[in-house]
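*Asks:* Sequence:
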Amino acid sequence: MKSLFRIGFLLVFTTFLFQSCAGTKNETPEFSNYLFAYFTGNGDGEEAVHYAISSDGYNYYALNDDKAILDNRSISSTGGVRDPHILRGPDDQFYMVLTDLKTSEMGWNNTAMILLKSNDLINWKSSVIDITRSFPQEFSDVNRVWAPQTIYDEHSGKFMVYFSMLQPGGYDKIYYAYTNQDFTALETAPKQLFFSPNEKATIDGDIILKDGKYHLFYKTEGTDDKGIKVAISNSLTSGYQALPGNVDQTDKAVEGSGVFKLIGSDQYILMYDVYRDGEYQFAESNDLQNFKVVDEQISMNFHPRHGTVIPITEEETSRLLQNFPSKNIPGIIGVQGENVRCPNMVVDEENKTVFIPVKPGTDISSFEPSFRLAQTKSIEPGGPQDFTNGPVKYTINSDKTYEVHVAVNNNPIVDGYYADPEILYSNKTSKYYLYPTSDGFTGWSGTYFRTFSSEDLINWKKEDTILNLKTNVSWADRNAWAPAMAEKKIDGEYQYFYYFTAAQKIGVAVASDPTGPFKDSGEPLIDFKPAGVKGGQEIDPDVFTDPNSGKSYLYWGNGYMAAAELTSDMQHIKPETIKVLTPDETFREGTEVFFRNGKYYFLWSEDDTRSPNYRVRYATANSPLGPLEIPENNLVIKRNDQQQIYGTGHNSVINKTGTDEWYIVYHRFTRPKGIEMGDAAGFNREVCMDELHFDDSGKILETIPTLEGIQ
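Going by the UniProt record's numbering, the sequence shown opens with residue 1, and the numbers climb by one from there.
Worth flagging that the hints you see were computed from the coordinates, not collected in a lab.
Beta carbons are placed, not taken as given, at the ideal position from N, Cα and C, and that holds for glycine.
Just to be clear, a hint being listed does not mean it is correct.
[Stated by the list, open to error] Cβ pair distances, simulated, as ranges:
| # | residue 1 | residue 2 | range |
| --- | --- | --- | --- |
| 1 | Asp363 | Asp695 | 33 to 39 Å |
| 2 | Glu30 | Thr353 | 32 to 38 Å |
| 3 | Thr567 | Gly678 | 40 to 46 Å |
| 4 | Asp477 | Thr567 | 25 to 31 Å |
| 5 | Phe195 | Met106 | 24 to 30 Å |
| 6 | Ser623 | Thr353 | 48 to 54 Å |
| 7 | Asp464 | Thr188 | 53 to 59 Å |
| 8 | Pro391 | Gly532 | 56 to 62 Å |
| 9 | Gly89 | Asn397 | 31 to 37 Å |
| 10 | Val580 | Ser445 | 26 to 32 Å |
| 11 | Asp477 | Leu635 | 35 to 41 Å |
| 12 | Ser623 | Leu701 | 23 to 29 Å |
[Said to hold, decoys possible] Only pairs whose alpha carbons sit at most 20 Å apart, straight line, appear in this in silico DMTMM-like list of lysine to aspartate or glutamate:
| # | residue 1 | residue 2 |
| --- | --- | --- |
| 13 | Lys579 | Glu565 |
| 14 | Lys519 | Asp464 |
| 15 | Lys292 | Asp679 |
| 16 | Lys210 | Glu154 |
Starting from the given sequences, assemble the full structure and let the hints guide the process.
*Replies:* Right, here's the structure in full:
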């Protein structure tokens with residue numbers, strides 16, 4: 001399953017820091033922000049150039065109130081333009097190319113493109129290039145000219161335009177031609193740039209130079225393997241060899257790839273138009289071949305179609321804001337700082353309130369927020385402020401006042417996207433260890449596991465990766481999910497047994513230390529359904545050692561709960577002990593078993609992890625293999641709408657050693673963005689911890705999930 005960022009009016013405010021760092025002519029510009037040029041659709045007035053800006057490459061705000069920044073009537077022959085591509089030339093001038101097409105009148109047939117040049121991104125000089133008229137001998141029968149782009153050829157010292165064309169009886173092919181010095185005409189006839197290995201349509205080319213090689217991104221058509229692909233060459237104009245597979249991260253129809261490099265980073269963003277679904281997706285890579293979806297980091301207050309992103313300077317940003325002001329760009333966009341939980345901050349622009357969660361140990365009696373601002377020249381007060389007695393009012397440009405709240409939030413307990421947490425206290429090291437699923441991968445497609453350590457359950461240290469399916473496991477290389485851990489003393493030595501899900505099977509790896517290195521057993525431990533079970537998946541292991549008998553048990557299953565006693569080596573089950581313990585229709589997955597005061601507690605997750613209603617229920621038993629008794633009102637934890645906490649489930653439980661203090665460790669949707677992400681929230685999750693309480697009879701009292709966490 002794959003997911004997409006569904007664009008809505010998501011004012012998720014996470015950046016605009018305008019710095020005094022404008023570049024000068026004949027110097028490398030110092031970039032601070034990004035310009036996104038795009039069009040918005042096929043309807044009347046939608047085929048036009050629009051602008052948006054961003055300070056981080058992830059969060060974008062439309063300029064000019066999302067109205068066109070150029071008059072189509074003055075620049076095009078058809079009255080419509082599409083697929084804007086902007087290039088900054090070596091002369092610090094800007095070069096834009098457009099498809100000259102108005103689909104409401106022409107369908108998908110056209111013969112022209114538009115070349116534009118500007119020195120300020122505001123004022124553009126344009127020329128229409130009709131291929132059939134410019135090159136009548138070679139291309140008089142061309143019936144479409146699509147998605148032109150420009151690149152500067154350092155070898156020839158000229159600008160090269162490349163685009164797709166279709167002639168009768170053929171298929172769309174990507175061509176190239178050089179422009180004249182003024183960028184007002186093509187001075188060479190188009191030549192074919194890329195030769196499709198399967199002789200099928202290729203469109204929407206985008207060339208990126210990296211490490212001396214030209215990477216041509218393109219869309220394939222007319223095959224079962226449609227999508228965005230990459231071809232690589234040592235030469236700009238020839239020799240492109242297609243790589244296998246697609247780089248887009250969805251099974252949906254896509255087009256219009258655009259690649260740009262993040263400022264001051266080795267990371268590249270690939271963005272593309274999921275055109276049939278009204279969506280846009282961003283994916284990230286450092287090698288231009290392996291991409292990871294970053295939908296959870298993206299926000300836009302507009303709906304773009306095929307476009308391009310370029311870096312811009314502070315001076316250029318200010319000029320764009322002055323010429324194309326927009327009322328929808330907020331005052332405070334974000335806060336930065338190593339103690340700030342930046343992904344979890346909340347800005348309510350309508351009510352002018354800001355909530356800044358900070359990490360444990362932060363002194364909020366003397367705290368200075370480092371605000372990221374837009375269209376702003378001043379903010380008062382300055383310096384550290386005391387937030388212990390409530391919010392502090394900040395005024396921007398003397399006319400906008402925000403109430404800013406700051407509070408220590410221990411949840412989430414670790415930075416980043418993780419889920420399905422397992423927790424262990426190690427008698428060997430006298431530390432706690434957290435073993436989660438590595439999250440943030442579309443369709444739960446992660447392939448590695450890592451751990452975190454803590455001495456106090458509050459401050460956590462990220463340890464190394466402890467198991468990588470690609471390199472450490474021979475029988476599976478995908479879907480690294482939902483681990484469980486056991487510490488066992490065997491022949492006087494502590495051993496650690498790591499049970500994990502891979503490719504919908506369960507394996508076990510062994511180490512002599514809780515942080516590894518772990519060695520896989522070489523084969524799956526569970527790759528079958530218990531007798532009588534027809535549906536579900538073999539996932540979500542849990543391991544429990546009975547303090548009364550010393551025996552260890554494995555539990556597993558999605559759609560059913562199964563259990564079996566483990567052998568003394570902890571690496572096999574005793575088949576004759578397998579039992580199906582599925583409690584009732586609320587059971588989905590994520591079994592957790594623990595023992596307290598003579599009772600065995602069985603917890604499980606209800607609903608789907610992509611649902612905000614994902615929750616935990618429980619039953620009790622008098623033995624590790626049941627039978628289970630389900631009490632009334634057996635809810636353990638559920639969503640907390642008042643605090644915008646959703647999707648609370650797939651938990652583990654830990655007893656603070658030497659006490660009767662118990663804690664529930666669970667995941668939630670990333671907050672606050674998760675509730676707006678649709679299904680993608682189900683693989684962009686955060687690990688949290690709260691107190692778990694019991695009444696005098698041993699009944700679990702419902703836990704209300706908090707932001708503060710445990711203290």
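*Asks:* If a hint holds in the structure, say so; if it doesn't, say that too.
*Replies:* We went through each hint and held it up to the structure:
1. Distance hint check for aspartate 363 and aspartate 695: the Cβ-Cβ separation is about 38 Å, which falls inside the suggested range of 33 to 39 Å.
2. Judged by the Cβ atoms, the range 32 to 38 Å given for glutamate 30 and threonine 353 holds: they are separated by roughly 34 Å.
3. The supplied range of 40 to 46 Å is met by threonine 567 and glycine 678, whose beta-carbon atoms lie about 44 Å from each other.
4. For aspartate 477 paired with threonine 567, a C-beta distance near 27 Å keeps the hint of 25 to 31 Å intact.
5. Checked against the hint of 24 to 30 Å, the C-beta distance between phenylalanine 195 and methionine 106 comes to roughly 28 Å, which is consistent with it.
6. Range check, serine 623 to threonine 353: Cβ separation about 53 Å, and the 48 to 54 Å hint holds.
7. With their beta carbons about 54 Å apart, aspartate 464 and threonine 188 fall inside the hinted range of 53 to 59 Å.
8. The given range of 56 to 62 Å is respected by proline 391 and glycine 532, whose C-beta atoms sit roughly 58 Å from each other.
9. Between glycine 89 and asparagine 397 the beta carbon distance is about 35 Å. The supplied range of 31 to 37 Å therefore holds.
10. Separation of valine 580 from serine 445 is about 29 Å and conforms to the stated range, judged on CB atoms against 26 to 32 Å.
11. Checked against the given bound of 35 to 41 Å, the beta carbons of aspartate 477 and leucine 635, roughly 38 Å apart, stay inside it.
12. Between serine 623 and leucine 701 the C-beta distance comes to about 24 Å, which sits within the given range of 23 to 29 Å.
13. Only pairs whose Cα atoms come within 20 Å are accepted, and lysine 579 paired with glutamate 565 is accepted, the gap being roughly 10 Å.
14. Restraint check for lysine 519 and aspartate 464: the C-alpha separation of about 15 Å stays at or below 20 Å, so the hint holds.
15. The hinted pair formed by lysine 292 and aspartate 679 meets the criterion: a straight-line CA distance of about 17 Å does not exceed 20 Å.
16. This hinted pair checks out: lysine 210 and glutamate 154 have alpha carbons roughly 14 Å apart, not beyond 20 Å.
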